[in-house]
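Since the structure of chain A is provided, determine the placement of chain B on it from the hints.
Each chain is listed here by its residues.
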Amino acid sequence: MGNPMSEYDRAYHEDSMIVRRPPLIWPGGHRVAFSVVVCAEYYELQPPDGAFVPPNVPGGFGRAPYPDVRAFSQREYGNRVGIFRVMEALDKHQIRATAAVDAVIAARYPYLIAQFQKRDWEIAGHGYSLTRVISNRMSEEQERNYIRASLDAVETACGTKANGWHGPEYGESERTPAFLAELGVKYVLDWPNDEQPYLMNTPSGSIVSVPMALELDDVITHYHRRISLARWRQAVAEALDQLLADGDSGGRHLVLALHPWLIGHPHRIGYLEDVLGDARERRDLWITTTGEIADLYLRQLPSGA
Amino acid sequence: MLHESQAASGKFNAGIQMLQYSYRPQFPSTQRTRNDVDQSWIDYLPISERPPLVWPGNARLAVMVCPNVLYYELMPPPDPWINPWARMTPDVMMYGRQEFGSRVGFWRLLSILDKHNVPCTAVLNVAALAKFPEITAAIVERKWDLLGHGMYNTRFICGLGEEEERAYYLDMLRITRELTGIEMRGMGGPGPQAATENTPDLLAETGFLYYADFFHDDQPFPINVKSGRLISMPYSVEVNDVPIFSTAYEGDAFVEIVRRQFDRLYDEGGRVMCITVHPAVIGQAQRAKYIDLALQYVTSFPDVWFATGRQIAEHYMAHHYDIVVEKIRTWRWATR
Numbered sequence: 008m009g010n011p012m013s014e015y016d017r018a019y020h021e022d023s024m025i026v027r028r029p030p031l032i033w034p035g036g037h038r039v040a041f042s043v044v045v046c047a048e049y050y051e052l053q054p055p056d057g058a059f060v061p062p063n064v065p066g067g068f069g070r071a072p073y074p075d076v077r078a079f080s081q082r083e084y085g086n087r088v089g090i091f092r093v094m095e096a097l098d099k100h101q102i103r104a105t106a107a108v109d110a111v112i113a114a115r116y117p118y119l120i121a122q123f124q125k126r127d128w129e130i131a132g133h134g135y136s137l138t139r140v141i142s143n144r145m146s147e148e149q150e151r152n153y154i155r156a157s158l159d160a161v162e163t164a165c166g167t168k169a170n171g172w173h174g175p176e177y178g179e180s181e182r183t184p185a186f187l188a189e190l191g192v193k194y195v196l197d198w199p200n201d202e203q204p205y206l207m208n209t210p211s212g213s214i215v216s217v218p219m220a221l222e223l224d225d226v227i228t229h230y231h232r233r234i235s236l237a238r239w240r241q242a243v244a245e246a247l248d249q250l251l252a253d254g255d256s257g258g259r260h261l262v263l264a265l266h267p268w269l270i271g272h273p274h275r276i277g278y279l280e281d282v283l284g285d286a287r288e289r290r291d292l293w294i295t296t297t298g299e300i301a302d303l304y305l306r307q308l309p310s311g312a
Numbered sequence: 007m008l009h010e011s012q013a014a015s016g017k018f019n020a021g022i023q024m025l026q027y028s029y030r031p032q033f034p035s036t037q038r039t040r041n042d043v044d045q046s047w048i049d050y051l052p053i054s055e056r057p058p059l060v061w062p063g064n065a066r067l068a069v070m071v072c073p074n075v076l077y078y079e080l081m082p083p084p085d086p087w088i089n090p091w092a093r094m095t096p097d098v099m100m101y102g103r104q105e106f107g108s109r110v111g112f113w114r115l116l117s118i119l120d121k122h123n124v125p126c127t128a129v130l131n132v133a134a135l136a137k138f139p140e141i142t143a144a145i146v147e148r149k150w151d152l153l154g155h156g157m158y159n160t161r162f163i164c165g166l167g168e169e170e171e172r173a174y175y176l177d178m179l180r181i182t183r184e185l186t187g188i189e190m191r192g193m194g195g196p197g198p199q200a201a202t203e204n205t206p207d208l209l210a211e212t213g214f215l216y217y218a219d220f221f222h223d224d225q226p227f228p229i230n231v232k233s234g235r236l237i238s239m240p241y242s243v244e245v246n247d248v249p250i251f252s253t254a255y256e257g258d259a260f261v262e263i264v265r266r267q268f269d270r271l272y273d274e275g276g277r278v279m280c281i282t283v284h285p286a287v288i289g290q291a292q293r294a295k296y297i298d299l300a301l302q303y304v305t306s307f308p309d310v311w312f313a314t315g316r317q318i319a320e321h322y323m324a325h326h327y328d329i330v331v332e333k334i335r336t337w338r339w340a341t342r
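Protein chains in written order, with the working numbering: chain A, 8 to 312; chain B, 7 to 342.
If we strip away everything but chain A, and leave its shape as in the complex, we get (with noise of 0.2 Å):
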């Protein structure tokens, strides 16, 4: 056997152990920062031929025959409904949230972006909508072009351009840290494989990755695992427990992404209140979002990236 060092992998990060870094240093020697990032997501009744959707995307009863009314609406109650509980929550403990707006929304729920502006909350792409999902069926060009325009999109409702990204689905090919760097994105959250931010250096330039927690992801938990809501409170708990006794060594953070559609049902919403309400409670924890947390990252680089 020759060179063990597989061709077949992950092209634009380093391995990296987490107890060979410099320490991180969050602001007000916080030990851990704390985002939330809520998706904002439209599932078409109707995508057009040849866009891919994972079978097991949540609603309905599985990806069933055009056209599936209830997947479709099941979905649909977030943008309607859930999403005025999740706001409400978030403003109770005055914590400003990243918002991850897909295309569609951006260019159909002019609302919606208002509600987010007028809380000052930050913006990220989410790509077109939650039925056309990034992975390496798409080439190149129809990657560069979907990108673009879900970042246009954004750009058109919200008048300034989306520093992050976080595909539909946490869909990516291989090349798509490339292209958001080549488009002038700052960070991507679809990594959930740190609990520090870290550089993806592309060939269009480099990409800050701040990973989320998928383990705490309700779409994960309430979902597919369907762990009871107080487990899930407690979940979190501990998870920021564990965070901050290790952040002894430097700052961690949790960014945990939340779906009005699941979330935002009246018997799950007291739940997120109670976990926001938990955070809120922590003297060591930094509450900010996802682009601060990116953005002091980076200007702890040692080359000031």
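Hints were generated in silico from the structure; no laboratory data involved. Any given hint might turn out to be false.
Listed below are the simulated DSSO-like cross-link pairs for lysine-lysine, each with C-alpha atoms no more than 30 Å apart in a straight line [to be verified]:
id: 1; chain 1: A; residue 1: K193; chain 2: A; residue 2: K168
id: 2; chain 1: A; residue 1: K168; chain 2: A; residue 2: K125
id: 3; chain 1: B; residue 1: K121; chain 2: B; residue 2: K149
id: 4; chain 1: A; residue 1: K99; chain 2: B; residue 2: K137
id: 5; chain 1: A; residue 1: K125; chain 2: B; residue 2: K333
id: 6; chain 1: B; residue 1: K137; chain 2: B; residue 2: K295
What follows is a list of derived Cβ distance ranges for each label pair [said to hold, decoys possible]:
id: 7; chain 1: A; residue 1: R144; chain 2: B; residue 2: D328; range: 22 to 32 Å
id: 8; chain 1: B; residue 1: S54; chain 2: A; residue 2: S211; range: 32 to 42 Å
id: 9; chain 1: A; residue 1: I25; chain 2: B; residue 2: E256; range: 35 to 45 Å
id: 10; chain 1: B; residue 1: P34; chain 2: A; residue 2: R144; range: 39 to 49 Å
No experiment lies behind these values; they were computed from the predicted model shown. Note that the Cβ used here is the ideal one computed from N, Cα and C, for glycine as well.
Same frame as chain A, but now just chain B:
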């Protein structure tokens, strides 16, 4: 042309349900003739922007209790889209689990519903009326509302042409009228996949008032149709024993979900709370007491309107439909 995702979705993943329905690995595409169907059916007017919904007697909340009355066939005709018994043919285990509902579960559930004296809206496979005359008599005696759920839970409506689908609804209405004297006003499609492009138009045309396959809201909402009027009714896939008991949850979790759902909606006011139960699931010996506890909780509050789907739909049509449509027309953020 098939979506790649559709081609990939041989099975779907919903706990014990996975043992029952599955989609055919390469199901034929269904006809697409309309563009942008989703937006033309329901306009965007978020709940925060709607005029307050006022229930009769100024009740804070409308509660609709929906027991399913289903008819599963052991050896149904083959369907090109959906396999009703995914494990094997025949599947006496999964069939028997469902049949328990009509033989035992329904009667156990009925005694609890009677105890709390709540009006019910049966989610009904119409063929069950002929198959189970004792159940039919119990429904008629209690004056339940009927929310049609197709003819059988093992035959589906995807792929029906417009004429066939119209005839299907007219048959459902006629058979129901003949066997119960009840005019059915609500509909949701049978099995896991529920609609064609023509479904809302045909429901409005054939005399239905409400459609229960749109899960997008906590209130009824207008569905745009070619002629007549149709509204969505907030049927629940959340407060529903099937998804709940398809997981590691048991009865205590069911009660907790009901309690929290009720508390929040009661607090907000002007909403519909739908409690969906299946005799085969909640009617199990180890679970029945939990629907009892859940109903005990929701019936312990003042100012709750326990209503049928038809009562809610008629009230909405009479007092709110026009107001909401007008608001949609004039809302400054509207986009079509």
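Each hint, compared with the structure:
Under the criterion of a C-alpha separation no larger than 30 Å, the hint pairing K193 (chain A) with K168 (chain A) is consistent with the structure, at around 10 Å. This hinted pair checks out: K168 (chain A) and K125 (chain A) have alpha carbons roughly 17 Å apart, not beyond 30 Å. Restraint check: the Cα-Cα separation between K121 (chain B) and K149 (chain B) comes to about 16 Å, which is no more than 30 Å; the hinted pair holds. For the hint pairing K99 (chain A) with K137 (chain B), the CA-to-CA distance comes to about 54 Å; that exceeds 30 Å, so the pair is violated.
For the given pair, K125 (chain A) sits about 23 Å from K333 (chain B) by alpha-carbon distance, which is consistent with the 30 Å threshold. The hinted pair formed by K137 (chain B) and K295 (chain B) meets the criterion: a straight-line CA distance of about 28 Å does not exceed 30 Å. Between R144 (chain A) and D328 (chain B) the beta carbons are some 47 Å apart, a value that contradicts the proposed interval 22 to 32 Å. The given range of 32 to 42 Å is respected by S54 (chain B) and S211 (chain A), whose C-beta atoms sit roughly 41 Å from each other.
With their beta carbons about 39 Å apart, I25 (chain A) and E256 (chain B) fall inside the hinted range of 35 to 45 Å. The hinted window of 39 to 49 Å between P34 (chain B) and R144 (chain A) is violated, with their beta carbons roughly 22 Å apart.
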